[in-house]
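Chemist: Got chain A sorted already, so can you dock chain Y onto it with the hints?
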Amino acid sequence: MSASRLPAVVIAAPGTNRDGDVAAALDAAGAAARIVTLAELRDEPKALDAARLVVVAGGFSFADALGSGKLFALELADILGEGVAALLAAGRPVLGICNGFQTLVRLGLLPGGAGPNVLAPNDSGRFECRWVTLAVPAAGRCVWTTGLDEPLACPVAHGEGRFHAPTDVVDRLEASGQVALRYSGEDGAPAGGGYPANPNGSANDIAGICDPTGLVLGLMPHPENHIHDWQHPRFHRGDRRGGCLPLFRNGVRHAAAS
Amino acid sequence: MGGSVGAVAGSEWRCLTVRGRVRGAAAEELGAQARLLGVPGVTRIERASLVFLRHGPRVDADGLVGTVLTDPLLHDASWDRSEEVEGGRVVETVLHAGVTDPVAQAVARGARLVGVTERLDVATGSRYEVYGNVSEADLDRLITRLLANPVVEHAARGRIEPHEAVGDSSGDVEPVTLTGLDDAGLDALSRRRGLALDPAELLAVQAHFAGVGREPTDVELEVLAQTWSEHCAHKTFRATLSWADGTPIPPLLRQLRDTTDAIAAPWVRSAFVDNAGIVAFDDRLDLAIKAETHNHPSAVEPFGGANTGVGGVLRDVLGVSAKPIAATDVLCFGPPDTDPATLPTGVLHPRRIRDGVIAGVADYGNKLGVPTVAGAIAYDPAYTANPLVFCGCVGVLPTGSHRSTPEVGDRVVVIGGRTGRDGIRGATFSSMTMDATTGEVAGASVQIGDPIVEKGVLDVVLAARDAGLYNAITDCGAGGLSSAVGEMAAVLGADVELDLVPRKYPGLAPWEAWLSEAQERMVLAVPGDRIGALRDVCDRYEVELADIGEFTGDRRLVVRNAGTPVVDLDVGFLHDGRPARRMTAARPTVPAAHGTRSVADPGGALLALLAHVNLRSNQDVVIGYDHEVLGGTVVRPYGGAAGDGPVDASVLAPGGGPEAAAIGIGVNTRYGALAAGRMAWSVVDEAIRNVVAVGADPDRIALLDNFSWGDPRRPETLGQLVQAVEGCCAAARAHGAPYVSGKDSLNNEYLGDDGLRHAIPPTLVIHALGIVPDLRQTVTSDAKAVGDVIFLVGRTLDELRGSHLDLVLGIDADGSVPGPDHDSPARYRRLHAAMRSGLVRAAHDLSEGGLAVAAAEMAIGGRLGLDLRIDGDPVVSLFSESNGRLLVEVAPDDAEGFVTAMGGDALRLGTVTAEPTLRVATAGPTIELPVADLVRAFAGHVPGVSA
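Same order as they appear, the protein sequences are chains A and Y.
Quick note, the first sequence lines up with residues 1 to 258 if you use this note's numbering.
Quick note, the second sequence lines up with residues 259 to 1205 if you use this note's numbering.
One chain only, chain A, in its complex shape:
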């Protein structure tokens, strides 16, 4: 680990399983990622202080008992107390992927302002794992996705990822540039609700949202699983599009600059 590498922390609960994947993605993007379990965090809540970037990783924390992300969020709220707000205070980019997104929503960090839960069971009623294309809306304010001009390609792997909120909430998020990623066709045009381009029935094809500051991104798909070109399902047909390393580089670059 080089001294110039940006210290990042990946938080894992019992049942988190893509902590290693996202730590590898962060390392590839120039960070030095450390995985911290809930038990370690409880022993040492200050473990987060040195982190310039924080990721809540995906998986099945606590087997999704009580609802995905719920117990993870209750644990974090209990451990960090006021520190939950402090997570954001230092201009630190925060990323929640899949179960980590669900956890940030339960914590009230997304969509922000202690809003209601916005993630419901997939329209298909089941867990699905398939590759999707993600377009970056032009008007976005998210530090993780701003400036990404090519659509991203990566897998989803979830059963409860349908973005679902009252129309006024969706409209407010759209208007404030908090929609960070949208399920799209391979050309980047919105999926228009069409299955399986929109794999779960999310309103407005929303795949990821940020908080009002743009620092906190939550998304259901797994950009950490498309860092190398050979991970793409059509690599053998010469398809090299949609690598997600730029998203992690964005986060690391922003953290380094702030």
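It is possible that some hints are incorrect.
[Said to hold, decoys possible] Stretch by stretch, here's where chain Y covers chain A in the computed footprint (C-beta under 8 Å, at least three residues): (1) 17-23; (2) 125-135; (3) 139-148; (4) 179-191; (5) 232-243.
[What the hints assert, rightly or not] A few chain Y residues facing chain A, derived, Cβ under 10 Å: (6) 279; (7) 287; (8) 290; (9) 329; (10) 624; (11) 881; (12) 886; (13) 892.
[What the hints assert, rightly or not] Label pairs and their in silico Cβ distance ranges: (14) 749/Y with 238/A: 54 to 62 Å; (15) 1183/Y with 239/A: 31 to 39 Å; (16) 724/Y with 46/A: 20 to 28 Å; (17) 663/Y with 195/A: 49 to 57 Å.
To be clear, the hints were calculated from the coordinates, so they are not data collected in a lab.
On a predicted model such as this, the values are computed, not experimentally measured, just so you know.
Think of the CB as a built atom: it goes at the ideal place given N, C-alpha and C, for glycine as much as any other residue.
Modeler: What follows is chain Y alone, placed relative to chain A:
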């Protein structure tokens, strides 16, 4: 196990009914399942979750509803629920006391986090409201066959209460009198105690204890029964065998091991001696591989059986200090459209078994975070009462990092889940024939998995491995602590105290604690000075650790209950005292053929093949498996232009490249009853061909054998097994591909209440694990580019007996089952060299359905047409399933070079076309089908069959 903060006595249970706000699909599906079970009057079944709370006066249960128990976006919740509903019937279920209940545990944990410090008991259940015209008898049927599983749940009509009584077993240990018993007496004893030992084995036990000068304790007898069970001891595979005419047959296990020894591949690190086989991968990593069956448990409790099947094989790989990186599943079921009225008593409907098994596989792999990347599903009426569930796992470990030798003085350490009464006598259960009562009497044999606990165990083991905290490790599988500690102590001996084993609940008898197959446990031999460091690692991942004794060096296995020995056995007798079984095999008779093979419309036959339930796409199943987690997946189960083309083998890059690992599977459920030896050769060749097709080096392929067979005490069944093992060995030697591990599951039979035995067809699953030298040279099966040339490599013979063509024609016409192709090993090496030279654009294995199906699948994958011409008998050319063949796509400029590289063994069939049509001209009728029709058929939309 329910969740609890402290213990509560005296107060009343309250129950919160939680209903999902999104309804419809699930209720429809349950209704459809009910109708499938022969209750046509059901219109729909609504399900709600029940959360039972029992607490002291200061707990604000209402406050818990919004914070912990429900989500207003998703749920409606009520403290009231009715005994009856208008127009419907109410059934409620709760888990048996002691069954792992993660939701209840989560509620208790969540309640503590929001400030509940007072006592709180939690239990969960389900409520079903069954609407429609349903009689009492119908409701009984629905309860026993759909809504509740008696293995893990209680059911009641109307409201139910949590089930609490955990019966205390006697803590007493009693001697069992063997002295003076004759064969009949010993046999009666074996039956009475469910030992599944035969008189010769019990005579050996009797003689041993006569020599010791005392009777065995009941615990010792149970330990011997487990250790000597077919499941653990592989009695048939180690037996002294002969043909009926007296010709001796080398023991089957020795034949397999001799094959590996003869091949003497320098890259085999460990074969047959540990929990999993180990082979070299690249210059710093090794790969481990193992596959297991979980057939009987999946027949009785499909979800739990398959769930723990995956969990068990992952622990096998963890048991050689390897990190699991891929899971596989090969599943055999009865036809999903089986008429419920034809089911033998006590047998679950194939569709329920299938759905439960698939959900169980998905649940464990997805939650633990291991990609499920390869598998197969076969349907045949012979599997209706005996479904087969093969679960495989590949793992990765740094070269030389696995330590497997305990030292004297090492502590015996158990980590992971607590021990309960689940899975008692699983090994003996797995070794018996099932009948109508099996579901009831074997209830306790089925375990319930908890993948989250296993994920913690996995993290602990890998961290402990890297820190050098143990000298040996093994998983707790069949036979529980008895097998795990018994195997680890096989050389040194051990002295352990049962009181130190963490329990889910009190009241276990000593033998129950020692033999329980409770899941998610590993046993480690840990030097005393490293216990503290291991405990720190366990704390990090919230995993429980218990130090229960030590490895002694006196070659005795001593098990104590509160200090008093309940087992004191010589480990030499325990592991080597079993008399070898003598068995006689007979040459199997070949079933009579019937019908005539005649195909007027080969295009129609091709569509029928593509749409057949055994050949069609399983993508709807695979979508439910996470095949991407860990980020190492290079080739996934379906690929190509539209992501729906079948691949020959999955490819993973655990080290990030350039080397990658290919996992291929060979299985054929149709050939075994006709010609078991040819079946085995074919299945081995298919598994190898699959990994060669994606770019694996034929000189770096390791094999796993998994046999699922009927009762080998029937001479013809044993004869089929002998022929299959001989075929396995011959094919492996021909290819230079060694076996590194294997497993057999025998007695897959069901004794119906009609007195008939329902046996499975001889079923062999071969896993091939190959090394792809450079993941950038991986080859896939989808057609790539217009104008490319399509070659057939390998020779086609008239080998249509048992073919899938016959299956869709509804005949079993005479002919030959595909036999050995002794040129295929050299052919695969030439093909691999051509791939390394960059000459191959696509390659696809020919197997079920022959050339016609393979060509169609290449077209589907590429969404391109193929224009081909083949000579010879059209039916043979199109549909024969001869071994050793592939279709290969080559760029036009490389065509000549490819033929040279193949030494002339490449027949030019035609080209890839822009027009999306599959055209195959023959000496007879021509196949001409739009690719869109092929896509639809492969997705299971059955066109009008006009073959």
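Chemist: Please check whether the stretch 179-191 of chain A has three or more residues whose CB lies within less than 8 Å of a CB on chain Y.
Modeler: violated (count 0)
Chemist: Grab the minimum C-beta distance from residue 279/Y to chain A and call the hint holds if it beats 10 Å, violated otherwise.
Modeler: With a minimum Cβ separation of about 8 Å from chain A (threshold 10 Å), the hint on residue 279/Y holds.
Chemist: Could you say whether the range 31 to 39 Å given as a hint is met by the Cβ separation of residue 1183/Y and residue 239/A?
Modeler: For residue 239/A against residue 1183/Y, whose Cβ atoms are near 38 Å apart, the range 31 to 39 Å holds.
Chemist: Check whether three or more residues of the stretch 125-135 of chain A sit with their beta carbon closer than 8 Å to a beta carbon of chain Y.
Modeler: With 7 residues close enough to chain Y, the hint holds.
Chemist: Is the shortest C-beta separation between residue 329/Y and chain A less than 10 Å?
Modeler: Because about 5 Å separates residue 329/Y from the closest Cβ in chain A, which is inside the 10 Å limit, the hint holds.
Chemist: For the stretch 17-23 of chain A, count the residues whose Cβ lies under 8 Å from any Cβ of chain Y; is that count three or more?
Modeler: Our answer is that it holds, as 4 residues pass the Cβ test (under 8 Å) against chain Y, meeting three.
Chemist: Are 3 or more residues of the stretch 139-148 of chain A near chain Y, judged by a Cβ distance of less than 8 Å?
Modeler: Answer violated; 0 residues pass the 8 Å Cβ test.
Chemist: Taking 10 Å as the limit, does the beta-carbon of residue 287/Y come near enough to a beta-carbon in chain A?
Modeler: With a minimum Cβ separation of about 8 Å from chain A (threshold 10 Å), the hint on residue 287/Y holds.
Chemist: For the restraint on residue 881/Y, tell me whether the closest CB of chain A is nearer than 10 Å.
Modeler: holds (5 Å)
Chemist: Falls inside 54 to 62 Å, the C-beta gap from residue 749/Y to residue 238/A?
Modeler: holds (56 Å)
Chemist: Grab the minimum C-beta distance from residue 892/Y to chain A and call the hint holds if it beats 10 Å, violated otherwise.
Modeler: Holds: closest Cβ of chain A sits about 5 Å from residue 892/Y, inside 10 Å.
Chemist: Quick check on the hint: residue 624/Y CB to chain A CB, less than 10 Å?
Modeler: holds (6 Å)
In the structure shown, a violation is registered for the earlier hints numbered 3, 4 and 8, in ascending order.
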